[in-house]
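Peer 1: Here the protein sequences come in this chain order: A and B.
Counting from 1, position 405 in the first sequence corresponds to residue 405 in UniProt numbering; the numbering is continuous, with no gaps.
Counting from 1, position 231 in the second sequence corresponds to residue 231 in UniProt numbering; the numbering is continuous, with no gaps.
FYI, nobody ran anything at the bench for these hints, they're computed from the structure.
There may be inaccurate statements among the hints.
Calculated pairs, DSSO-like style, for lysine-lysine (alpha carbon to alpha carbon, straight line, at most 30 Å) [what the hints assert, rightly or not]:
(1) B/Lys263 x B/Lys278
(2) A/Lys399 x A/Lys353
(3) B/Lys24 x A/Lys85
(4) A/Lys152 x A/Lys236
(5) B/Lys91 x A/Lys399
(6) B/Lys31 x B/Lys263
(7) A/Lys251 x A/Lys236
(8) B/Lys14 x B/Lys267
(9) A/Lys152 x B/Lys14
(10) A/Lys20 x A/Lys152
(11) B/Lys12 x A/Lys85
(12) B/Lys278 x B/Lys24
(13) A/Lys152 x B/Lys24
(14) B/Lys12 x A/Lys152
(15) B/Lys278 x B/Lys267
(16) B/Lys278 x B/Lys144
(17) B/Lys31 x B/Lys12
(18) A/Lys463 x B/Lys14
(19) B/Lys12 x B/Lys24
(20) B/Lys14 x B/Lys31
(21) B/Lys12 x A/Lys20
(22) A/Lys130 x B/Lys14
(23) B/Lys14 x A/Lys20
(24) B/Lys14 x A/Lys85
(25) A/Lys251 x A/Lys235
(26) B/Lys24 x B/Lys14
(27) B/Lys267 x B/Lys31
(28) B/Lys31 x A/Lys85
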Amino acid sequence: MARQASKSSLLFSGSDWDFKTLSRAYDAIEAIAVEELHLDTYPVQMEIISSQQMLDAYSSVGMPLMYRHWSFGKHFLYQDLLYRKGGRGLAYELVINSNPCIVYLMEENTMALQALVTAHAALGHNHFFKNNQLFKQWTDAGAILSYLDFAKGYIVRCEERHGLAAVEAVLDSAHALMAQGVFRYHRPPKLSSERQREGLRERLEYEEQSYNDLWRTLPPSQRKANDKGQDPERKKSLNLPEENLLYFLEKNSLVLEPWQREIIRIVRVIAQYFYPQRQTQVMNEGCATFVHYTLMNMLFDRGQISEGAMLEILRNHSNVVFQPAFDDPRFSGINPYALGLDMMQDIQRISTKPTAEDRDWFPDIAGHGNWREVLLGAWADHRDESFIRQYLSPALIRKWRFFVVGDAADQPHCQVASIHNERGYDEIRAALAHSYEVGANQPDIQVVDVDLLGDRHLRLQHKVNNGILLDDASRDATLRHIRRLWGYEVSLAAVDAETGVAIHERSTSQIAE
Amino acid sequence: MPIFIDRRLNPKDKSLGNRQRFLKRAREELKRSIRDQIRTGRIADVDAEHAVPMPETGTAEPSFNNAWNSGRRQHILPGNRHFSPGDLIPKPGGGAGASSPGNTASEDDFRFVLSREEVLDLFFEDLELPDMVKLNLKEILAYKPRRAGFAATGSPTNINVGRTMRNSHGRRIALRRPKQEELDAILREIATFEEVPSSAAAHQRVAALREELDRLERRRRRIAYVDPVDIRFNRFDPRPVPNANAVMFCLMDVSGSMGEREKDLAKRFFVLLHLFLKRRYDRIEIVFIRHTHLAQEVDEETFFYNTQSGGTVVSTALEEMHRIIDERYPVHEWNIYAAQASDGDNFAGDSERCIALLNGKLMRLCQYFAYVEIIDEREAHIFGATENGTSLWRAYSEVDQRWPNFQMSRIATPADIYPVFRQLFGRQPAPLKRA
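Isolated chain B (complex conformation) (with noise of 0.2 Å):
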């Protein structure tokens, strides 16, 4: 009779750390396929699994193996059907023998798949929002036990030795408890009485000291040394660990003249914003603003897939941006970020009255502040390099130059929105400072 163990309910992937050390062990060649891959794909691809190559550096295992195209070898074979001793054959490829090692795929010629949490920690390193300070405690998620005196209870890890005997001092001391020097002085003159030859006298005086020696060792047991009073514990109170509370507030434009293609590079640049935010803040909210000459906010699901058509008007999504701040979240409690996309249009004039709500009230709300201008392709030639450019464009530069906490960038084609996306939120050495 075998012994039979059930091991189907034991903990699952065993090799998950394995998986993990490779992991980590490739991680800079994973990433750079990875990016790679999205820049070419589509933007919304981030967000499933992906199948990349065996990294190349790094994940060799060598050892000494023979060169499979020298020397001289033998290979048995089955199943000869015609051949006869001395008949030459062929060797495929000019190279090889028939079977030799070398031909097969080598193991480490393999593509395998990454979780989508996986590609979204690896497609998001060294990427986060700047200047994140503001600090409250409006919602508390996590604890810290922190020391807050002292108490009668408590487990045995956090008895204050200390406190606990000065507590038992203090009641020896009150309680009279006969010290070990009392009892010792008596022991010594009853040894001193009965070293002597015995009188009557001595005789009852050591009666009396035995007597005394007596009552005073059951007073010590009954007073204890350390009595259960005495104990003191350590207290540990939990307190509140202050929680970054902030705001993203996604901007379009969705005006008449955004074509397709400008709304759709500027949806990409959303998703992408979208998922990182969502992947690294676990408590982040996020405000959908769309605007044609009137601005409104959306929920996630309009913001990028409805369709809505008419003039331009910036303005009225800032506007809108400062009302909802105004609204919902107080200044000193959040941080504020912001993101605008837009093709640089604007209503005439409109431009100025950006660069005046952005200086008056807006820069000074926000942490940061991010445009990305969607251009022509063909324009980007004449653009990339000036700053000349749209209304909108020459407009911010101004804005731009007076606030370190405002970026701004073209993008002109898909390939654009990545790096775009890693200058504007690439982790900074030192957090920017506020003018």
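Same shape as in the complex, but just chain A (with noise of 0.2 Å):
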């Protein structure tokens, strides 16, 4: 009797889907996703994609709409090889931070894989899209996609306009500066163009003014301690120093025409759009996969799932959160979305059953009891680098078996720095914590001068941290096509960070065009 009960609430049977099951499967996940987990959610458009689909929108960094470029035929050629050859699956899913949250699904998939996609993207990526920090204050969902929109078209016009070869050459050395185009640390400043402008009119009011000739008639010694003064006040009108190479470029490069300039925005706003995904990879995999675990288990606790399409689920689940150890030959780094899983299911157990020692190292949420709560506080709020600092346990820490290796470049040997022990559980918080700082580990590069009156020498800072130089082959490259947007000679500086000593400095008048 309570069998047949059951069968009658599944809410799809067999493996072939329609669209009103993934309807109903949406409504039935949905329904419970806001009960149980109080997730808030952009609204959803699903689109049913191919095979072929999926890897054209792969070669266009995910998006539905993308200008054309050459290299995006190549990584999708690249793409099509390694699927082609079996080196690689298809994600079963993409999914857009945008609003409507765009959802693409496979054809291919079964219907209980469509159901556990839906769980996954449609609600867990949706909801960390909607309330995480750091997505809401860097990028903008609703206006994504009618951006692109417009990308497409202006590049398109300008190609129209001004041929391939030109508009190429701009794209080319605007994307090789793409991982510096972000701001990391603050806002681009604010002003419209007019304000500034305005700004700028009522300083030269005041400047004539407060004119009095009897400033010219200063000993001339003086004057030059003027001019030393004046290094400082240049760099403040540029704002520098500048950590966004395409921001600076975009704005104060003298040789580039006004379509010119919109190119390098539109590459920068790009930029700035993914530079959250970047930062969230552990957290936005985790939560997602956190979602569609619990909520597969839920439906199938209520009988809306059968055992059959549950087994299902469960083997590609382990197959997604799959960590193998750093001996075994499958190991290619930390998986985010294994991580970002054990973490949350971590952080539940604190809440509602801690040990001693949970108590001791997060006093304000063991035995908290609401785990919803503390999930949905640490989804909003954090990112992987302060996620991880604040939140991985060394019970987790033993369950990984984590340790750190440190490996020093002149060194003929790696050194075991900590394990996981008493002693090690704050450093390998610490360094894992780290390791997922994209600030940090990726070169940072600066517009620290630049004499526009004079010979218009763009000089540019690379802070050596812990000695990791630039690769010497894509350095002059990527010099040189600072030089192409910038005009001038351009120059790097290599400067340690803590001792401030000059390591070498190469310029674009040492690189052959």
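Join the two chains, each given in its own frame, into one complex according to the hints.
Peer 2: Put into structure tokens, the structure is as follows:
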């Protein structure tokens, strides 16, 4: 009797799907997500695509609309090759941080997989995109699609007017600086150009009013001292030092036409849009995996998913969160799905069934009782680095048997620095958190000086952390790209971040064209 | 309830444009690697997909990257079984750390597949049949619109304003449409009468004028300024675009003196020629003639795959070719090309006959005649530089000197085929002058 009742409440049976079943499954999953996990999501738009279209989406950085560029063709060839050789399967889904949230589902998926993917992407990722502080601050989910539409159209018009080669040259150079094209620490100055001009005019007026001819008669020695004092002022007027190279070039390059500036801006906006995603891999995937795992189990407990389907779901789930050990031939780094899910389940455990150790380490959440609230808070406020620094527990470090290896280039050996013991927990947690700090793992390169009235020599500075230098060949090639956008000599000085000692300097005048 | 969109039926190959841009960018390098592959491989392989390595120049995407072999790093790894703090682990390969990113193969080291069309396009780029000058209209494929007078019907975009207004003007004069000036004059007159104090005569006059005004206005309304009958449209006539007809004669010696190796080389040459013509020219006819001491026209299949043997009389092939031209390909309509392959052996005295045939008729009919001689690899050293050679080679040298549209070359190894082919069919800076 009971069995029959449960059979009738199944969301689906068999592996085939149709739109009615998809819709019913989504409604059930969404209801339970809101009710049990208190998720808050954008409206969802589900698109069914073929494997070919999934490859297309891969190669245009996952966006449904993208301007044309040869490098996307190259990536397409690469992905296509991997896929054809069976070296890499395609993702079951792709989700875009937009409003409405676009979720791509592969047509080959079985219905069980579609349900899993719906819970994972349409609810998990979707909730994260809508509620995480980083995404809220830096991306505008409602505007991204129309912006990409504009970008694509704009670049097509530029190609018509200025020729493919000219547009491609600007895009090549801008792409080379994409990683240096984001604001990491501050938001861009928000002055509109009109207000900017007004401010400049007011300042000139003030200078005219307060002009005093006496200054001219000052003895020359003091004027020289004045000249020296001009340097900081010059830097201040250009907002130097500037970490966002693309922004600096867009605003200050003297050789760019307006359309070229706009193209740089487009590349910069897209880079900035993706910046939060790069900082929240573990959290984003962890959140989505936690949500699908929890929701699928809840549906199964309620008798809405059959045992067969649940087995298939669990099999796929365990493939996704598989984490081989470091000496396993399959090891290729830490799996963000696995780490994220484990940490979130760990938070759940700490909130409900804390040990004495947990009470010691996490006094504010241990035994809190309401794990939903704790998780919702963590999802909203953190990025990978701070999340790990805050929530990686000793229990999890032991479970994963983490250890830290120090690797100095000039030593023939790596040295094990810490392991999962009482003394190592803090260090491992800090090291793991640091390894997810995007800003720290990318070379820190800033514009430090340029004399616009003099020789216009653009000076960049690379702050060398831990003695990690830049790769020579790609550095020279990238400098050439900067020179193309800047139009005058560009030099890059490597300076040790701690001691301030200059290590070496490379200028475009030393690099053959 | 989410929105569902089924995208599976959307146009495919969204990234085709990007792929084409990429191929264009890497064109030179891809061309070189395909030619190298084909030179060393089998000629028939041209007609297939090819995997090529990622070109190195022009397709790098540089950015500022950390050098993996400098500085101090920390790796955080899972799955510790037996390490304690302070343990030393030797670095694999003496350099990189346990999981240095520099060790993994970069995304740029991969081979990718070019489709058959892309291979052929790259392979046959800058090759063409020289001197394709005779155009005719026998088989029309393309039309081009051309202005041809005016029509009373057409689409609004084609309205001819000048014509239309001229018709309208004539019609207005013929039908005596009242002009604006006439109406204005009457109105002015009425106004002058109304200013002065009225008399009976004036009243009458004003009434008459008003009636006249009314009549004119009604007439103006009846006779339109521009009537549909006035409108004229530019007319366009589709005009056929002349089309080049070309025929290629492939002449191959299959006599007993041609060994397996020679036949193989000759066939490879013709396979290449065949692929090239099929790829680059939509409308081209190919005539296959093979000869021993007798020549016969055969189909493609027989030409490439059948075996036959016998003596050698080269002139029979030339005669057969001449007969076919006379029969089927009028010289004033067809661009005629010929490629001949032979080992250079000929029946005694027949070479003179060949010269006579070529000088007498054939070279006048042909746009271009290419002769390829298959020689022994050992002979290649001897004959390589000199004009000395087989009887046919010596004979053809005479023809070569007399006719600029005659070319000859020697092939000793499979690797020679492609360079010779390029030499014979490379795009010429200016069309050949016919002697």
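Peer 1: It remains to establish, for every hint, whether it holds in the given structure.
Peer 2: Tested hints:
no., hint, result
1, B/Lys263 x B/Lys278, "holds (22 Å)"
2, A/Lys399 x A/Lys353, "holds (17 Å)"
3, B/Lys24 x A/Lys85, "holds (25 Å)"
4, A/Lys152 x A/Lys236, "violated (35 Å)"
5, B/Lys91 x A/Lys399, "holds (26 Å)"
6, B/Lys31 x B/Lys263, "holds (28 Å)"
7, A/Lys251 x A/Lys236, "holds (15 Å)"
8, B/Lys14 x B/Lys267, "violated (41 Å)"
9, A/Lys152 x B/Lys14, "holds (13 Å)"
10, A/Lys20 x A/Lys152, "violated (35 Å)"
11, B/Lys12 x A/Lys85, "holds (21 Å)"
12, B/Lys278 x B/Lys24, "holds (23 Å)"
13, A/Lys152 x B/Lys24, "holds (20 Å)"
14, B/Lys12 x A/Lys152, "holds (18 Å)"
15, B/Lys278 x B/Lys267, "holds (16 Å)"
16, B/Lys278 x B/Lys144, "holds (25 Å)"
17, B/Lys31 x B/Lys12, "holds (27 Å)"
18, A/Lys463 x B/Lys14, "violated (41 Å)"
19, B/Lys12 x B/Lys24, "holds (21 Å)"
20, B/Lys14 x B/Lys31, "holds (25 Å)"
21, B/Lys12 x A/Lys20, "holds (26 Å)"
22, A/Lys130 x B/Lys14, "holds (29 Å)"
23, B/Lys14 x A/Lys20, "holds (28 Å)"
24, B/Lys14 x A/Lys85, "holds (21 Å)"
25, A/Lys251 x A/Lys235, "holds (14 Å)"
26, B/Lys24 x B/Lys14, "holds (17 Å)"
27, B/Lys267 x B/Lys31, "holds (24 Å)"
28, B/Lys31 x A/Lys85, "holds (25 Å)"
Of the numbered hints stated above, those contradicted by the structure are hints 4, 8, 10, 18, listed in ascending order.
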